[in-house]
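Guided by the hints, dock chains B, C and D onto chain A, whose structure is given.
Letter by letter, the chains look like this.
There are 4 protein chains.
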Amino acid sequence: MYVGRFVVVSPEVGAYRVSSRSFPNRQAVKRDGTVTVEPTPDAPETDNPYISYNGVRVTEHGAVVGNGSHVDPIAEKLELGYPARDAIAEPLLSLDFEKDDYDTPRVAGVVGVDAADPTTNADGPGAVIGTVRRDALLVEEVTEPTLVATYEENSPTAFDLGATDASEVAREVYDHEYEHAVCSAGVAGSAGEFDVAVYNGE
Amino acid sequence: MYVGRFVVVSPEVGAYRVSSRSFPNRQAVKRDGTVTVEPTPDAPETDNPYISYNGVRVTEHGAVVGNGSHVDPIAEKLELGYPARDAIAEPLLSLDFEKDDYDTPRVAGVVGVDAADPTTNADGPGAVIGTVRRDALLVEEVTEPTLVATYEENSPTAFDLGATDASEVAREVYDHEYEHAVCSAGVAGSAGEFDVAVYNGE
Amino acid sequence: MYVGRFVVVSPEVGAYRVSSRSFPNRQAVKRDGTVTVEPTPDAPETDNPYISYNGVRVTEHGAVVGNGSHVDPIAEKLELGYPARDAIAEPLLSLDFEKDDYDTPRVAGVVGVDAADPTTNADGPGAVIGTVRRDALLVEEVTEPTLVATYEENSPTAFDLGATDASEVAREVYDHEYEHAVCSAGVAGSAGEFDVAVYNGE
Amino acid sequence: MYVGRFVVVSPEVGAYRVSSRSFPNRQAVKRDGTVTVEPTPDAPETDNPYISYNGVRVTEHGAVVGNGSHVDPIAEKLELGYPARDAIAEPLLSLDFEKDDYDTPRVAGVVGVDAADPTTNADGPGAVIGTVRRDALLVEEVTEPTLVATYEENSPTAFDLGATDASEVAREVYDHEYEHAVCSAGVAGSAGEFDVAVYNGE
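Residue numbers (our numbering), protein chains in the order written: chain A, 1 to 202; chain B, 1 to 202; chain C, 1 to 202; chain D, 1 to 202.
Heads up, a few of these hints could be off.
Because identical chains share one entry, a pair is satisfied inside a single copy or across any pair of copies.
Distance condition first, Cα-Cα at most 20 Å in a straight line; then the derived EDC-like pairs of lysine to aspartate or glutamate [said to hold, decoys possible]:
| no. | residue 1 | residue 2 |
| --- | --- | --- |
| 1 | 30 | 47 |
| 2 | 30 | 153 |
| 3 | 99 | 32 |
| 4 | 30 | 42 |
| 5 | 99 | 79 |
| 6 | 99 | 76 |
| 7 | 30 | 123 |
| 8 | 99 | 60 |
| 9 | 30 | 45 |
If you're looking for bench data, these hints aren't it; they were derived computationally from the structure.
With the rest of the complex left out, here is chain A:
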């Protein structure tokens, strides 16, 4: 099954995977607490505005994963003090689905949210997942590994994730049977202490 790009989040582990039929020549590049998805050096030129973006950003209040330019304002609103629910909801509502041929949804999550965050019920680290589609805006706390993808699985749904280490998480989502894996990133930890890893195949 092809579900397009997807995020998986649970309270202390998160992942983002690029799956693509149209633009496979891309890679995940880690720089400090940020993972950038960008064309490989040999990729054909394109002016598609949805190709390059930060897919992971670590903040003091949680680590953000997502499939587009909304990752930055979500991270920035967390840093300004917004609770995770609102930090996801406001940028998703505003930036909306991608204006491509498929009305591709935006998907995002925050992992390792402070226990003090009023939008999570967890005593320890919490997780929030979200998506904006042409016909929906869904943002909710999750306590078990949960996936939301751009196609097919486009509402948050339980996901079987075994790995707990950032590198292994990146590898596990890359190797998942969902089709057309391009590159992936994993994050593990809680606010203040996150490991980040990328995997670009072999």
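For chains B, C and D alone, kept in the frame of chain A given last:
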């Protein structure tokens, strides 16, 4: 089962029911295209700010149902041109859950949305439902009768609704086995032509 | 000159005054850190939805003043962690101007904002003022006493305020030459320590 | 004086000018109703995320000008039916100021707004201007040529603009005495009929 206040929406029928253990002395009063929930003349005085509000408002772009003061800005944003998804999402995010002892969610829906509304896929009238909880903001188009309640059933879920006439709809949700019915309202039609009815028991 | 209802804010002092030609039978009632504007016992009945509301609410992150039901969500968003600018902007955008015969603007301010709030430049307590009109949404930090009113002075403008004590502030804005004073409230202090006072004439 | 990047809007004319000390090797490229600001072929490589973006986008409900990635969601919200005030305010609040060394504001405007837009008072085409700064969010209708810039003139202020033709407008703002002009764009017309032009010096 006690699920508290709830809305039910489908493309051409909507309902709102007040269920209450704490403030049963209330009634639904219809004035033109608006239904106001308010204390009965014999109700004890209260300064609870969540007791009285418009539970239904008809606009040119759809009929709004909901359990609190958010019904007004949702109706007003529809009138300003917002698509139904955004007209629900923005006020829910901003007004947020009720700051009472139960963090009671706000619930809302829009019925009979214009086919031209870009946030519904329907060829004919569409429907959008939403809720804001401490741990979630959920807004989505629905094509079959769907309920969202303040407690227990606090995510949108399929609901068996038979009636298609406004009066019958009000009566059907009032008589539902969910406990502590107080009053109800029903709406039927599509943008530009809505019937509204209330039911306050016998 | 009649400017209608207005707020005045500066970093450690804030005020709200009800001026009204249509509904003069109202009073400001103080309950803990909240001031409610409500009809006097002898007021004629009305179903105008804009008559009664909290005009002042004290929070841990600043004291909110305003002319309507937006004061509550502004206070609640401050409590959830929003910076003052966003706590004012989001509810004003969502609740919008009053849908009365005059498209009356909503006005609001936050006084005694934490120095840590990223939307104020002040080393000590800060202040933010805002209004939403049919044709504008204006939210900005201020460092000197600044007024915004529903009519005439409907953009933030410098205001000559001498008093620094909550009671004196309430009295000073009540006695101002702007016409049709009904009641007023004053607040003084900074986050964590506010005095609140009301004045209802003699 | 160096005011950085700026927009000028009036009901039927709009302009955007890039002024830059750090990244002068940029050009404005017109493609149908869109103007993209992008590095010239000889520009040094950079990973600054604020260098390339659409500075103008024409929609059926008005032409958008602005200094960054917010131009796209503003245009898209206009196309979804939002009034111009809200189409500017929501993306600005969400995307916020640029997270660079100067907390550079985002500036934007919409020109040739439908007379039916409820957030403009004009009988004919209207114009709305806006900016988000660390300490403010300002969005308002204007009826005469008005400028807002990233620095110094960072609140909307009257601006002397003579040209009424798109090409002349682009040239006039490029030639303005504000320092460090890099490239510019002009737009003229009203909803449904806009001319767009760019100027990149000689």
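To see whether the hints hold, each was checked on the structure:
{"no.": "1", "hint": "30 to 47", "in the structure": "between (23 Å within a copy, 13 Å between copies)"}
{"no.": "2", "hint": "30 to 153", "in the structure": "neither (27 Å within a copy, 38 Å between copies)"}
{"no.": "3", "hint": "99 to 32", "in the structure": "between (31 Å within a copy, 17 Å between copies)"}
{"no.": "4", "hint": "30 to 42", "in the structure": "within (19 Å within a copy, 27 Å between copies)"}
{"no.": "5", "hint": "99 to 79", "in the structure": "between (28 Å within a copy, 11 Å between copies)"}
{"no.": "6", "hint": "99 to 76", "in the structure": "between (23 Å within a copy, 8 Å between copies)"}
{"no.": "7", "hint": "30 to 123", "in the structure": "neither (31 Å within a copy, 36 Å between copies)"}
{"no.": "8", "hint": "99 to 60", "in the structure": "between (32 Å within a copy, 16 Å between copies)"}
{"no.": "9", "hint": "30 to 45", "in the structure": "between (22 Å within a copy, 18 Å between copies)"}
Violated hints for the displayed structure, listed by number in ascending order: 2, 7.
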